[in-house]
Amino acid sequence: MSDGAPLLSVEDLRVHFQTEDGVVKAVDGVSFEVRRGEVLAIVGESGCGKSVTAMSLMGLTRGPNAEITGRATLGGTDLVAAKESELRKVRGNEIAMIFQDPMSSLNPVHRVGAQIVEQIQAHDDISDSDAKARAIELLKSVGIPGAEERANSYPHEFSGGMRQRAMIAMGLSVEPDLLIADEPTTALDVTIQAQIMRLLRKLNEDRGLATILITHDLGVVAQVADRILVMYAGEIVETGTLEQIFYDPQHPYTWGLLGSVMRLDRERSDRLAQIKGQPPSLASLPEGCKFRPRCPHAFGKCTQHPELEARAGDGPHLDRCWLDAERKRSARTMKSGEIGLEAA
Amino acid sequence: MSETISQRAQATGNGSAPLLEVRDLVKHFPIHGGLLFNHSVGAVRAVDGVSFSIKPGETLGLVGESGCGKSTLARTVLQLLTPTSGSVRFDGQEISGLKRRKLQPLRREMQMIFQDPYASLNPRKRIGEIVGSPMKLHGIAEGAELRKQVEELLDRVGLAPEHYNRFPHEFSGGQRQRIGIARALALKPKLIIADEPVSALDVSIQAQIINLLEDLQDEFDLTYIFVAHDLGVVRHVADRVAVMYLGKIVESGPASEVYSNPVHPYTEALLSAVPIPDPRANRERKEKILEGDVPSPANPPAACRFHTRCPYATEICSEIEPELVKHRGGQWAACHHPLGPGATAGAPSPASG
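In order, the protein sequences belong to chains A and B.
Per my numbering, the first sequence starts with residue -9, numbered consecutively.
Per my numbering, the second sequence starts with residue 1461, numbered consecutively.
Some clues are possibly wrong.
[Stated by the list, open to error] In silico lysine to any residue, SDA-like type, Cα no more than 25 Å apart, as pairs:
{"id": "1", "chain 1": "B", "residue 1": "1748", "chain 2": "A", "residue 2": "257"}
{"id": "2", "chain 1": "B", "residue 1": "1746", "chain 2": "A", "residue 2": "232"}
{"id": "3", "chain 1": "A", "residue 1": "15", "chain 2": "A", "residue 2": "268"}
Hints were generated in silico from the structure; no laboratory data involved.
These numbers come from a predicted model, not from an experiment.
Only chain A is shown next, with the shape it has when bound in the complex (with noise of 0.2 Å):
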């Protein structure tokens, strides 16, 4: 699936808010790789940082108040010291972005097809009638029936799944390398959400983009993504392959995110595993590791700051929890069998 060097590397990002209650560190460290054809998924709660990541690579958190450290270089272009011009071309030529809420990103007293048509001829020089077509063409490809005469219709006129379709039509008119999807589906119905993530992937193959999807949803993740990052209050707590993930997790709080799911494939429980207390406000993290007030398993060592190293023997799967393997194995099974934190 995934070959080659990767398209977007990102090493020790860092963003940083000054706020009237101190230093709100968002994102603090962050380093991914994300290669063509492949889907990477962000995972966490809210305020984890998955979303400022994202934002961060587009240059949206800039401003006078916010401190953006690290590199991330996508063809050559370093998106954190690139200038806003610079920045500005990588965005409509070489990522594209779509949101939650597909409402509030589109203008709502311009025609749909318009709006895809403005966004090709800011960066084509060809005619309306040839950028009208592509623009239906575009449309077609998303799933849009009646192309045609949809192209012609405002956004008020078109349900939340025909929206978000068509805002992904915007990013794709730009033909990106990089597609980075902001919980694309969560203000969606569930049978909506199952036609756009299968068209999601459907055009991360055909298309050979690479994908970053940022959402909460473990059951989408489970559907469409090759590798995962977990975030907890603006780092990455754990990274693996979809299967490292989803079968040997490493880190406490991914066990507590696996555990508190309530799932249909399985037996109803009386009880769900919750994750006690709440994430830590960003401006006082606790010392050492972060999720250490929540988690049933800590011991001494906490107070110090973990690393983020492959603790799990194998390559690719990294994490940042102290506690040995064979610990891990036997804290992770819950009584049920199942995988999730509860005190031991």
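Since chain A is already given, all that's left is putting chain B on it; use the hints.
For chain B alone, coordinates are given in the frame of chain A:
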């Protein structure tokens, strides 16, 4: 937990009268048109002839996609919206069409928990006031006694008594939902309608809130209507489930049956669309992805409303509206082509996963 509920349902439920009985409930929202003479040109048929009943101590899960009318149904049952027609009997008393003043004492018995914990708490009021004012209004307690009771409630829902003087913005989403729950409990209601109570929360917090709601049900003998689009959440909490599509219940019955042996093709499609957080199980599973979108409730398809998206639809489905009839497993479904026992649900058996 589940045993205790069903035991109680059996002990008090089977023979005894239902706590809530809804018959042919209809809620239409008129669509107005015309510039000079504002007249009604149609109606959004949000709830279009719904019947169900709940026994004391039971949890009914109400599922369906956006626009299916589940939230409107919940609000119409509580008389927060005036029904267009139909009957709602609570504890044996007809409450549909009652005047405000007559309804007020009944409001104590029926409370609601809302989806958005940010929008449902007054940002300018302190927690003590938010939770305490219903008790004051209904003359349950005052002064020091009121404060004591509020603090006990806060403690019961997992907040600290010293949160009494804080404002909603000082709390996280999960904590705010706990405040909403404390407020709903303040009047010691019999029935609580929870409208998407956990869908705005992170997964790890969802589990905390659901465990809390289940504990409280046991402790205070509560009856729940649990409205949600998340089928996993509903399966966990509900004794019985009703599946809605475009203003109608298309299937209802014991949760275990509806989930493992759905009769209605829409139920099957919904279950099949839920991704399983297990890559291998996902790969083995046969997806049945529905095509198209939900039609507009202002102009629903004739006869069976699902026939435009249904993979099994035939001529009869667009001509004759199917009645709700009882099927094996005890569930009711409205379909001309009910799925047989061999039909597979979205969830594979644990053995194959």
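Taking the hints in turn, this is what the structure says about them:
At roughly 22 Å between alpha-carbon atoms, residue 1748 of chain B and residue 257 of chain A fall within 25 Å of each other, so this suggested pair holds. A C-alpha spacing of about 20 Å is found between residue 1746 of chain B and residue 232 of chain A, which places the hinted pair at or below 25 Å, so the restraint holds. For the hint linking residue 15 of chain A to residue 268 of chain A, the alpha-carbon distance of about 17 Å falls within 25 Å, and the restraint holds.
Hint check: no violations occur; every hint is consistent with the structure.
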